[in-house]
Amino acid sequence: MAGRGTNRRRDTRRPVPGRYPVRFGLAELLADADRANAWLLTVDEVAQSYVDLDDPAHLEFEYVRRIGDVIDCLDAGPLDALHLGGAGCTVPRYIAATRPGSRQLVFDADEPLIDLVREQLDLRSVPNLRVRISDGREGVTTRRDDSADLVVADVFQRARMPGDVATLEFTGDVDRVLRPTGTYLINVADGPGLKFARRVVATIGTVFPHVVMLADSGVLRGRRFGNVVLAASRKDLPLAGISRRAASAAFPARVTSGADLDRFRGNAKPITDDEAVDTPRPPWNVFGLPPKT
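Everything in the sequence shown is counted per this note's numbering, starting at 1 for the first residue and increasing by one.
Please note: incorrect hints may appear among the correct ones.
Using C-beta positions, here's what the derived DEER-type ranges look like [stated by the list, open to error]:
#1 180 x 18: 32 to 38 Å
#2 60 x 283: 20 to 26 Å
#3 34 x 146: 27 to 33 Å
#4 34 x 247: 24 to 30 Å
#5 76 x 35: 42 to 48 Å
#6 31 x 77: 32 to 38 Å
#7 33 x 145: 24 to 30 Å
#8 169 x 251: 30 to 36 Å
#9 119 x 260: 21 to 27 Å
#10 180 x 112: 24 to 30 Å
#11 97 x 249: 15 to 21 Å
#12 236 x 60: 37 to 43 Å
#13 276 x 111: 25 to 31 Å
Within a straight-line C-alpha distance of at most 30 Å, the following computed DSSO-like cross-link-like pairs (lysine-lysine) qualify [said to hold, decoys possible]:
#14 235 x 195
#15 195 x 269
#16 235 x 269
Just so you know, these hints were derived from the structure itself, not from any lab. C-beta atoms are modelled at their ideal positions from N, C-alpha and C, and glycine is treated no differently.
Construct all of the structure, not just a fragment, from the sequences and the given hints.
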């Protein structure tokens, strides 16, 4: 578990590029040639996290930038945040940098990967951050009612989202943990037809009255496999602010809500624990690295 505190000394050792065995495959740490102290973390050549140690407010991946944009539009001040899926802990670093005083807990099931991030990517320097080695769904069951302002689910194992974090029962448990004004953010990956994403929208919309979807137009039109970010809450979401940020991004996203989101959902049914969910598997290397030559 990473220690707590706000006065941790920065580890000045430079990360060591290379390959490292972890629970769910072979991790690789790669330096970004364009940024002085930025690092790409992959597992089995699938990109997991991008971390800029000199500028934790820099969010390289498009979908992570969308998550950051939603967070930026929430009410000002520190957050009590719960994260399911950690890897390089890009979003917790972002929150610590942009909302000082935030208290954060990460659940991640891959202990060797978290140990790698602690040692190589200076995780211990992030203020008020704790990391527990646990399955995300099991971790949520241990949290008190009304204890979080924000829950972020970005959980993938071998490039696939575990089906048990997409169900109605799990979403209800997230709602239990969130405060009445809290926000739930979940990253979903899907391909042409977006059948799985539609069912996740149906699931979350059954629990939360306010839902917003952010995605690349190409993904929404079925042109490619990609990420869909969903934000949900029991109170009105800051739709105008989210829309402005999405439209002005380097890679603009479409923001869908209300009746448009109902049309997107169509007749899709919520996912429950009673069914075995086969979550989408991306085409080879779609989230990864170019083939080695």
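_Distance restraint hint 24 to 30 Å, applied to the beta-carbon atoms of residue 34 and residue 247_ = 26 Å, holds
_Between the beta carbons of residue 97 and residue 249, is the distance compatible with 15 to 21 Å?_
19 Å, holds
*Is 25 to 31 Å right for how far apart the beta carbons of residue 276 and residue 111 are?*
27 Å, holds
*Distance restraint evaluation - residue 31, residue 77, Cβ atoms, bounds 32 to 38 Å*: Between residue 31 and residue 77, where Cβ atoms are some 35 Å apart, the hint holds.
*Satisfaction of hint between residue 269 and residue 235, Cα-Cα up to 30 Å*: 23 Å, holds
*Could you say whether the range 24 to 30 Å given as a hint is met by the Cβ separation of residue 33 and residue 145?*
47 Å, violated
*Is the distance from the Cβ of residue 34 to the Cβ of residue 146 consistent with 27 to 33 Å?*
Violated: the Cβ-Cβ distance is about 43 Å, outside 27 to 33 Å.
*Per the hint of 32 to 38 Å, is the separation of the Cβ atoms of residue 180 and residue 18 within bounds?*
Cβ of residue 180 to Cβ of residue 18: about 46 Å, so the range 32 to 38 Å is violated.
*Distance restraint evaluation - residue 76, residue 35, Cβ atoms, bounds 42 to 48 Å*: 28 Å, violated
*Mind checking the hinted window 24 to 30 Å against the Cβ distance between residue 180 and residue 112?*
38 Å, violated
*asked:* Quick check on a hinted range of 20 to 26 Å for residue 60 and residue 283, using CB atoms only.
replied: For residue 60 and residue 283 the Cβ distance comes to about 21 Å; the hint holds.
*Does the Cβ distance between residue 119 and residue 260 fall inside 21 to 27 Å?*
Taking Cβ atoms as reference, residue 119 and residue 260 lie about 46 Å apart, which means the hint is violated.
Violated hints for the displayed structure, listed by number in ascending order: 1, 3, 5, 7, 9, 10 and 12.
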